[in-house]
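**Q** Chain by chain, the residues:
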Amino acid sequence: MSVFFGVDYYPEHWARDRWETDAKLMQEMGLNIVRMGEFSWAKFEPGEGEFHFEWLDEAIALLAGHGIKTLIGTPTAAPPAWIIEKDPDILPVDSQGQQKGFGGRHHDCQSNVKYREHIRRLVTAMAEHYKDNENVVGWQIDNELGNSHEDLCMCDSCRHAFQQWLKKKYGSIENLNKEWGTVFWSQDYDKFSQIPAPKVTPTMHNPSLLLDWKRFCSDLVVDFQKLQVDIIKSICPHQPVTHNLMGLYDKTDYFDLASDLDFASNDQYPTGYYFTPPGQPSYEISACLDFIRSVKKKNFWMMELESGPTGGAFIGRMPRPGQLRLWTLHCIAHGSDTIVYFRWRTCLFGTEQFWHGILPHNGVPGRRYQELKDTVAEMVPVLKDIQGIVPKAEAAILFSYDQNNAIKIQPHHPELDYIEQVKKYYDSFYERNIPLDFISETEDFQDYKLVIAPLQFLMDAALEDKLMEYVKKGGRLVLTMRTGVKNRNNVCMGDMPLPGRLGGMLGIKIEDYDCPLGLTVKLEWTGTGIKDPGQEGVADKWCDIVTLGDAKPLAFYRSEYYKDTPAVTVNSYGAGKAYYVATEPDKHILGQLAELLREEAGLESLGESPKDVELTLRKGRARDYLFAINHTDCGQEVRIDRMWKRLDGCRENAFVVGGYGVNIYTRQSDAGQ
Amino acid sequence: MSVFFGVDYYPEHWARDRWETDAKLMQEMGLNIVRMGEFSWAKFEPGEGEFHFEWLDEAIALLAGHGIKTLIGTPTAAPPAWIIEKDPDILPVDSQGQQKGFGGRHHDCQSNVKYREHIRRLVTAMAEHYKDNENVVGWQIDNELGNSHEDLCMCDSCRHAFQQWLKKKYGSIENLNKEWGTVFWSQDYDKFSQIPAPKVTPTMHNPSLLLDWKRFCSDLVVDFQKLQVDIIKSICPHQPVTHNLMGLYDKTDYFDLASDLDFASNDQYPTGYYFTPPGQPSYEISACLDFIRSVKKKNFWMMELESGPTGGAFIGRMPRPGQLRLWTLHCIAHGSDTIVYFRWRTCLFGTEQFWHGILPHNGVPGRRYQELKDTVAEMVPVLKDIQGIVPKAEAAILFSYDQNNAIKIQPHHPELDYIEQVKKYYDSFYERNIPLDFISETEDFQDYKLVIAPLQFLMDAALEDKLMEYVKKGGRLVLTMRTGVKNRNNVCMGDMPLPGRLGGMLGIKIEDYDCPLGLTVKLEWTGTGIKDPGQEGVADKWCDIVTLGDAKPLAFYRSEYYKDTPAVTVNSYGAGKAYYVATEPDKHILGQLAELLREEAGLESLGESPKDVELTLRKGRARDYLFAINHTDCGQEVRIDRMWKRLDGCRENAFVVGGYGVNIYTRQSDAGQ
Amino acid sequence: MSVFFGVDYYPEHWARDRWETDAKLMQEMGLNIVRMGEFSWAKFEPGEGEFHFEWLDEAIALLAGHGIKTLIGTPTAAPPAWIIEKDPDILPVDSQGQQKGFGGRHHDCQSNVKYREHIRRLVTAMAEHYKDNENVVGWQIDNELGNSHEDLCMCDSCRHAFQQWLKKKYGSIENLNKEWGTVFWSQDYDKFSQIPAPKVTPTMHNPSLLLDWKRFCSDLVVDFQKLQVDIIKSICPHQPVTHNLMGLYDKTDYFDLASDLDFASNDQYPTGYYFTPPGQPSYEISACLDFIRSVKKKNFWMMELESGPTGGAFIGRMPRPGQLRLWTLHCIAHGSDTIVYFRWRTCLFGTEQFWHGILPHNGVPGRRYQELKDTVAEMVPVLKDIQGIVPKAEAAILFSYDQNNAIKIQPHHPELDYIEQVKKYYDSFYERNIPLDFISETEDFQDYKLVIAPLQFLMDAALEDKLMEYVKKGGRLVLTMRTGVKNRNNVCMGDMPLPGRLGGMLGIKIEDYDCPLGLTVKLEWTGTGIKDPGQEGVADKWCDIVTLGDAKPLAFYRSEYYKDTPAVTVNSYGAGKAYYVATEPDKHILGQLAELLREEAGLESLGESPKDVELTLRKGRARDYLFAINHTDCGQEVRIDRMWKRLDGCRENAFVVGGYGVNIYTRQSDAGQ
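Protein chains in written order, with my numbering: chain A, 589 to 1261; chain B, 589 to 1261; chain C, 589 to 1261.
One should not assume that every hint holds.
What the hints assert, rightly or not - Using 27 Å as the maximum straight-line C-alpha spacing, the simulated DSS-like pairs for lysine-lysine come out as follows: (1) B:K886 <-> B:K972; (2) A:K1097 <-> B:K612; (3) B:K766 <-> C:K1012; (4) C:K1012 <-> B:K756; (5) B:K755 <-> C:K631; (6) B:K755 <-> C:K674; (7) C:K674 <-> B:K787; (8) A:K787 <-> B:K657; (9) A:K787 <-> B:K756; (10) C:K631 <-> A:K674; (11) A:K961 <-> A:K1207; (12) A:K779 <-> B:K674; (13) A:K779 <-> B:K702; (14) A:K839 <-> C:K787; (15) B:K1151 <-> C:K1199; (16) C:K886 <-> C:K1037; (17) C:K702 <-> A:K702; (18) A:K787 <-> B:K886; (19) B:K787 <-> C:K1199; (20) A:K1199 <-> C:K1151; (21) A:K631 <-> C:K779; (22) A:K702 <-> C:K674; (23) B:K674 <-> A:K766; (24) C:K779 <-> A:K674; (25) A:K1175 <-> A:K1151; (26) C:K702 <-> B:K787.
Stated by the list, open to error - Pairwise CB distance ranges, derived in the manner of DEER restraints: (27) B:S1160 <-> C:R1227: 40 to 46 Å; (28) C:S683 <-> B:T1220: 48 to 54 Å; (29) A:D1152 <-> B:G954: 34 to 40 Å; (30) A:S1193 <-> B:G954: 39 to 45 Å; (31) C:P865 <-> A:S1193: 53 to 59 Å; (32) B:D1138 <-> C:G1246: 54 to 60 Å; (33) C:S683 <-> B:A1050: 44 to 50 Å; (34) A:T1108 <-> B:G954: 23 to 29 Å.
In short, the hints are calculated from the structure, not lab data.
Backbone N, C-alpha and C fix where the C-beta goes; we use that ideal spot for every residue, glycine too.
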C-alpha cells in the first residue's frame, strides 16, 4: 500500500484553468491524495434528480494524471437552498423552540424523513457513478457529524423519533415511568407521545430524560451516518468508507460511530482561534490522537490537519516556522499513517475565507508550502517502514460517553468535567512519556497492565463484575470519586453505601462527602516508594470522605472537617490492586500516583523530557522510531537511552531539540532484528 | 399544643415495604409531623376525575401508628403530563414570547382558566377526602409560589388578566393614560385591550406599566393561592392552612400572600448551592427569619429546613458537623416554633436527586440523622416553654414590596438594590445584637421606638402623614436617599423640591444630586456622643446634595463638588426626631448611625459578640432563653450579662461558643417570676 | 441670520397653564428656538385621519410671543397603539425570529408598506398645516434613525426588500452567486426569493451576504427618511429639513443620510450613563463633532445637547459645575452654530423620566439653568461673528461605513474595531492640537495635505487609482494593515500579494501575517527627525509581515518570529509620500508617526496643552477665536502664541484654564484684517 500525503481540495472554487497549476504544485510537493466533493451538493445536483458529476470526473482525471488519487466526501453537511425551499421543515429547532435559518451549513434536522430521502437519492447516484472509478480510493461520509448541532434539534420530528427510541428501549410506558422515577414532580406519562424533547422549561428536566436524550442524539447521528454507509457499502463494496472525527468532541459516541467505518479519520487545528492562545495544549492534542487511534485500535488518517491560521469572524495565530512539520510528525507518532492538510488554497469567499490553506489567497507557494514539501519528503520513507503497525500501550484509560453525558447533566461542581478529568490523568502519564490507549467498556481490559477509570458515575452489575474480574486476575485498576453513584438510567443507587459492590474490592466505604465550592482543600501524599514523600497538593471539585476497610491510604486530606482522612487508597484484591482517588487531585498528587502506578504495574517510560516536550514511539518493520517533539518555542534537552541514534545522522547536541522541532531517533526494530 | 418536629416525606417515592422502617426511624428520632402529598398530582389523579387517595391514607395511618401527624401539601406546583397534553396553553410564556416546555415543575400559567378548573376539581376532592381525618393537622397550598415564575407568564391569558386588573384599578382608559403619562412617546391607549404585557420591546417600557405589571403578578399569585385557600377553608374549617414562603424572595407580596393563611411557613437552605460559598451570610438568614415572623407578627413553621447539601446540576457544600443543630436553633431563636426538615431521605431519581435529605440515598442513618436526633431531644423541652410567645423588637424596618419593585425597575445605580439596602441597615443592628421587626406600611408604627424606612421612593399623602404623625408623637424615624421622588403610579412628583412634604419634618431640601458611577465618595461622621467621632467611610450608589433647613448634620461628604455638604442629618420634630441618610453609606458610617439611634431611642442590646456570632432572645413561660449562635467555624467569646446561666449547666468557659456552636443561656422569665 | 439657542420642548407633557411660565423662563435665559412635536403622533392623530394640530399651533404662537421660533420634529419614531393594533405586522422581528412588542419607541419595521402609508398620511397633513407658519423655521425627520434598530428587522417584508435590493444590485441570480461565491457550502441560489435575511443559523453566514445586508439596512434607513424629506420638500420648499445624527454611530451611512438634508444635526450626551464613568472621553466627543461637521462640510446644529444627567433604568453622573458651559463651547468650537439643549424640563413620566432637562422635575430653575443662561449670554456675540464660517482642517481621515461594516463582520482579532482604530489615529493628532476633517471616498482628497486611511480592507480599482493619484500629485497618505484584502463584495483578492496594486506605491509586499492573540508584540520607532528616536511601543491585534521593496522602514517589530522586520514604512511616490502601518500601534508609536507627519506635511498645530485639554479654532468675520477647553477637573496651563488675548480680558494667569473651564482667546481674523 502506498503512503499518502494530501490535501482537501475544492476545484469548484477555482477557475478551470487553474486546476492544472494546482495539480502540478501538488505533485511537486509530493502529494498523492485529495479529498474532494464535500459540501458540493448544489454542484452535483442543482435541481432535484439533475445530477452533474462531469466537473468532478474531470478534476479526478486531471489529478490522476499527476499521480494523485481521490477520496470523495459526500456533501450532505450542506443541503442546498432549493431543498430548504421545497422542504423548509428540514431546518432545525433549538432548545428554545426557535427554528434556525438557512445560510451556514448543517442547517438540518437529522431525523427528518424528507431530508433523508434527498440524501438517499444523491448518495446513491454518487456511489453508482464512482463505484468503478479506479482513481477513487474511498469515501468520507458527511463532515464532522455532530458539529454545529449542539442544542439541536428539538423539532417535532426529533421529538417523535426520541419517543420511538424510548419505546424501543423501555417497551412500556409503565416501565419508563418506573425507570425514570417520573413519580417525582408528577411527571408520570400515560403514553410515549406525551414525552417532550428537553426544551427549556421553567425549572430543570428529569436527569433520566436528559441522559436518554443525549444517547438518542448520539444514536441519531450514528443512524444518520449509517444511511450513507449502507448505500455506499452495497454499491461500492471495494471502496473503504471513513468519517472525519474531531478528537475528544463529545456530541456523538465515536466508538459507535466508528464501528460502521473501515477506518477512522481525524481533524485537528492546534492553533484554532477558538482555543485560548497560543492554542491547544500538546497533551490535549496527543490525547485526541491516541483516542482516535483507540476507537478502532487501528491507525487512522488525518483528514484535516491545520496548514495555516484558522478563522471565521476571528483569526487564530499563524503557525510559527517549524510548527507545520511538528504537527505532521506529531500525528504520525501517535498512529496517523496518512496526512491530509486542510486545505490546499485559502478560499476567496464564503464563511471560511480566513480558514487558511497551504497556499495563500493569491495561490503563490510560500513559507508554508516549502515547509510541508520538505516534511513530506522527509517522512515518506519513514512511513513506508511503519505504516499499518499500530502503536499499543501497556496502560489504558477507560473512556465512556455515558459517564461524560451524565456528568455534563449534573457536574456537581461548576468546573467538574469528565473529559477534563480524563485529560488530567492522561497528562500525568504523558508528562512521564508513558504511552496510553483509550478503551471502551466493551473491550478486553486484560490487554492492559493498568486501567484508569475516572468518574465511573453510572454503574451496573456487568461493569462491576468486569472491573473486579480484571483486578482479581492481576490488573491494576484506578477508580475515582463518584464511582457507582447511579444506575444506567441516571437513578441513584439506593441499596448500599458508596461505591456499592466495588467497595469490597477497594476496601473502603463512603458515608459522607463534600462539594468544596470556593474551598482549597489541602492534600498530602504519604505513600511510600515514591520520589517525594510528603508531597503536598490540593483537592478540587469534590471530596469523598473515605472510611477505610482493608485498604491502605496513600494520601490524606489535610484540611476541613475531614482533615486526616484518606484521599487516595490502595487495596490488594486477588492477584491485582485497586486504587481509589476520592477527589480530583492537582498535578502534584496525580504525578505521585502516576509514579507509583508505573512502578507497581511495571510500565515502560520512553525517557525523560521537559514540560511540553514529548517522547513518542512508532514501531516499524525495519526500525523503531522515537519522536522527540518539542512543543515549545525554544531548544530543550531530552534524556533517552543512548542506543537511539538520530535519523538525520546529526551527532552534535543530538539530544537537544530545537524550538518547535522534532528529532527522530531510530533503533533496530524487534521485527527487524 | 404539642411541639412539632418533622420532615418532608414522599412515601410515593419509596417501596411500600420501606414505609414501616421510615416511620420507626422517624419516631426514634423524635419526629411527630410530616408534610406529604406535595407534587403528587399524578398519583392523586392519574386521569381526569379518577381520584386515588388510598395510598396516602395508608401512609397517614401507618405514620399515625408511630405518633406522627400529617400536614398535606396540595400538589398544584406539578400539573401532570395528561393535563398539559389536554390543555397545552397552560404552558407559560416568557418575556421573549417563548412558550416553555413540560418537564420540570410549575410549567403553568397561573391565570389560565382551564388550569384553575383542574385545580378546583382536585383540591375540592382532596379537601372532601381529608376534612375529617384526625391525623391531618393542616394544609400547605402549592409550593414556594412565585418560584420558577420569574419572567413568566406573558401569555394572552395573562395579558388579558392584566388588562382587567388595570381596568379595575383605573376605571377608564383616559384615567390610565393620565396616570401613566402615556403622552410620552405616543403611548396613549384607546382601550384596555391595546395594553401589552411587557414583552421585550426595542427600547424600554413605560415604568408605570412595569410597576403595575409587577403588582399584577403579585396579585395574581395571591389570587392563585386564594382559590385553594377558599376551597379548603370552606370544606375543612378546622384545619389550618399555610404556605411555604422563601424569606426575602420578592416576586410576591408576602404580607398579602400571608394574610389569607393561618400561619406562615418558611423554607431556608443556608448552604444552598446558588449562594456564593460558603453560603448565605448569617445576617441574611436572620433577616429572613425575622421577616417571616413579621409578615403575620406571629411565630411560624420552618416547612423546609436544610438537612443536607442542596443540589440540581450543581451541589452545595455538605453541612459541617454542628451546622444542622445550629440552623435549627437559629430558626427557633427567631420565632419558629415548628421545624420540618427537607427532606427525610435523599430521593433516588428526578431533578432533586442531589437535594439531600437527612438520610442518604441508601437510607441508613448517619451523621446527620444522629445530630438532628440529639437536637430534637435537646429542644423539645425548650420549645414547650416558649412555644407561641412571639418575639417582639423595639425597633422595626419598614418593608415595602412596592418600593422594591419600583427600584428594581429603575435602580439608578447598577448595584442599587432595595432589599440589599434594607439588609445593610438590618445588619448594622444585627451586629450590635439589637433585635428588629419588619413592618408594612399598614401597621401601627407607634408600636416601635424606632422605625427605619429605607428608600421610600414612592410616596403618597397618607404615608407622609403617617410618618410625620409617628415622629410628632415621639418616634425616631430614619429616611434615606430618594425618598418621595414619585407617586404611587411611578410618576415623578412635580410640585416641590425633594423630598417633598417630608422635607419640613426632616428640616432639609434637596436641589441637586449625583449618581457617583465609578466614584468613591468620602464620608465623615461628625455627630457627637458616639464612640468614634471622626469615623471615616464611603458613600455609595447615590448622593443627595442636601441644603440644610433646621436639621443638624451628623455626617458630611468629603469629596466631589458637594464636598463638605451634609450626608446624614437629624431634625427634631414634635416629640420625636427624623433622620435623613442622603446616600448608601458603608458599614462604618451605618454603624455610627446605629450606635446613635440605639442611644437616642433607648434600645436594648442583648450583649456584645464578635462578627457572625449573634445573640438572640426567646421569652418563655418559665424562663427566657438567650441563644448565642456562632456562625463561624472556630470558638468565639460573647459578652452578656452574667445573670444568664447556661442551660446545659456548663460553667467552664461558659461564655465561649464553639465553632458552629450554639450556647443557650437562661434566666427566670418576667412571666415566670 | 439670527443666532439660535434653544431647547427640546414637549408642551404636551405639561399643564396648559404652565406654558406661559416656561416661555418666560426660556426668554429670560436667552433662548429663541424650540424643537417640538417629536414623538407626538397620538396627539396629532389620535385616530386614523383625525388630525389635531391646534394644541401645537397654540404652543408655537405662545412661544413666538416670547421671541421663540419652532422647529418641528415628525413623530414617526413613535407609532401609536392604534396603528399597531390595526397593523400588527409593523412590529419588528429580531435575528432570532422573535417579534418585538409595543411599549417603547421605534417598535416598527421600516420597510413595512402599511407603516409607510401611515407616515405618508400624517407627514403630508403636518406639512400642509405648517408650510406657511412663519414661526416654523424647519423640520427634523423622525429621531435618531437607526437607534433602537440594532438586530432588527428580519421580518418577511424586510427579507423581501433585501431580495429586491440584491436584484437591483446584481441583476441576475447567476451574477450574485458568482460575486458572493455561493459555491462555498452549496449556497447557490436559484432565485432571489430563496435568499434569507441573516437570521441565526447553526454556523455562520456568508460574509458577502452579511455585508450586503448591512448596506441594505443603511439604505433602508436612508430611504425611510427620504419618504418624509420628499413630502416636506415638495410642500414646504422654503423650510429646511434636518435630522439628529449621533456622532460616530454606525448603523446608517451618515454621508448618505445627510445628503438629503439641508443641514446636519447632532445629539451628544457626554456623561451618558451607558459610557464607562466618568463619561465619553473628550477626544471621542471632538471626533464626533468634527465628523458631523464633515458629513456635509458645513456647520451643524446640536439638536440634543446634554443638560443634566441621563437616565433610563440607570442614571448617569450629574454634570459638574462648569461642564454645561464647557460642552456648549466645545460644540461651538468644532462647528456647531446652533445649540439646542435636551430637554427643557425633566419629564415626570415615561421611560425617560430620569433623562434630565435643564429644569428639575419641580420646574424651578436651579444651578443648571443659571449656568446655561450665563453661557448663552457669553456666546451670542461670539456666534454672531463666527456663524456660518466652516472650520477646515489641513489633514483628513478617510471614513468609510463600508470598511467599518466589513471589519465588524470579520474583526480578525476580538478587539479590532474600525471606528476604534480611526479614533486612535484621530487622538494622536488631537493630542497635538492639529485639527482633522473626515472625508468620504467620494470627496476630493487634494483638498488636504495629509490623508489618513485606516483599514482599507475592501478595495477597488477606482479607489486604488484615486489614492495613487493623490500621492503622485504630492499628497501624504497613510494606509494601514489589512489594506486591499478584499473586493467590494467582501471576497478576497486572489491575484496579487497584499496589499495588491497599492504595494507599488507603498514600496512593500506582504507575504505573511499574524493575529497576535494573547501576545504583546514589541515595537520600536526608528525613524529620524523625531523627538524620541528609539521610542518603544507595542503592536496590537494584527501584524502584517512586510517585505520591503523601495520603502524605508520607520519602525520595527522587536519580538516574535518576525522580529526586526518593518512595522511602519514610508515610500516616495511621485511628488508625495505613502506610509504603511502594518499593525495597530499603541499611542507612543502613533504619536511618533503624528509628529513625523506634521513635519512632513507641514501641518499647523494650535499650540501645546496637557492631556485632555484641547485647543480648537473658530474663525470669525472680525476675529478668530481659540478655545482652550479643559476637560479635566483641575486647572491646567496651555502654551499658545502670545498674540492671543483672552476674550474676557483676564490677564493674570491668562494661560491657565480652570477645571472644566474654557478660555476663549482672540486675535484679529484674516477676514477681519
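**Q** Does K674 of chain C pair with K787 of chain B here, judged by a C-alpha cut-off of 27 Å?
**A** The given pair, whose Cα atoms are some 19 Å apart, holds under the 27 Å limit.
**Q** Given the hint of 54 to 60 Å, is the C-beta distance from D1138 of chain B to G1246 of chain C inside that range or not?
**A** At 35 Å between Cβs, range violated.
**Q** Is K787 of chain A within 27 Å of K756 of chain B, Cα to Cα?
**A** Violated, at roughly 37 Å.
**Q** Starting from K886 of chain B, check that the Cα of K972 of chain B is at most 27 Å away, please.
**A** This hinted pair holds, its Cα atoms lying about 16 Å apart.
**Q** Given a hinted range of 34 to 40 Å, is it respected by the beta-carbon distance of D1152 of chain A and G954 of chain B?
**A** At 19 Å between Cβs, range violated.
**Q** Checking one constraint from the list: CA of K961 of chain A to CA of K1207 of chain A, max 27 Å. Satisfied?
**A** With a Cα-Cα distance of about 24 Å, the restraint between K961 of chain A and K1207 of chain A holds, given a limit of 27 Å.
**Q** Holds or violated: are the alpha carbons of K787 of chain B and K1199 of chain C at most 27 Å from each other?
**A** violated (46 Å)
**Q** Is K702 of chain A close enough to K674 of chain C, meaning Cα to Cα at most 27 Å?
**A** Given that 27 Å is the threshold and the Cα spacing comes to 39 Å, the pair is violated.
**Q** Is K779 of chain C close enough to K674 of chain A, meaning Cα to Cα at most 27 Å?
**A** Since the Cα atoms of K779 of chain C and K674 of chain A sit roughly 13 Å apart, the hinted pair holds (cutoff 27 Å).
**Q** Holds or violated: K1097 of chain A with K612 of chain B, Cα cutoff 27 Å?
**A** holds (25 Å)
**Q** For the hint 44 to 50 Å, verify it against the beta carbon of S683 of chain C and that of A1050 of chain B.
**A** Since the Cβ atoms of S683 of chain C and A1050 of chain B sit about 48 Å apart, the hinted range of 44 to 50 Å holds.
**Q** Has the given pair, K779 of chain A with K702 of chain B, been kept, meaning a C-alpha gap of at most 27 Å?
**A** holds (22 Å)
In this structure, the hints that do not hold are numbers 3, 4, 8, 9, 10, 17, 18, 19, 22, 27, 29, 32, in rising order.
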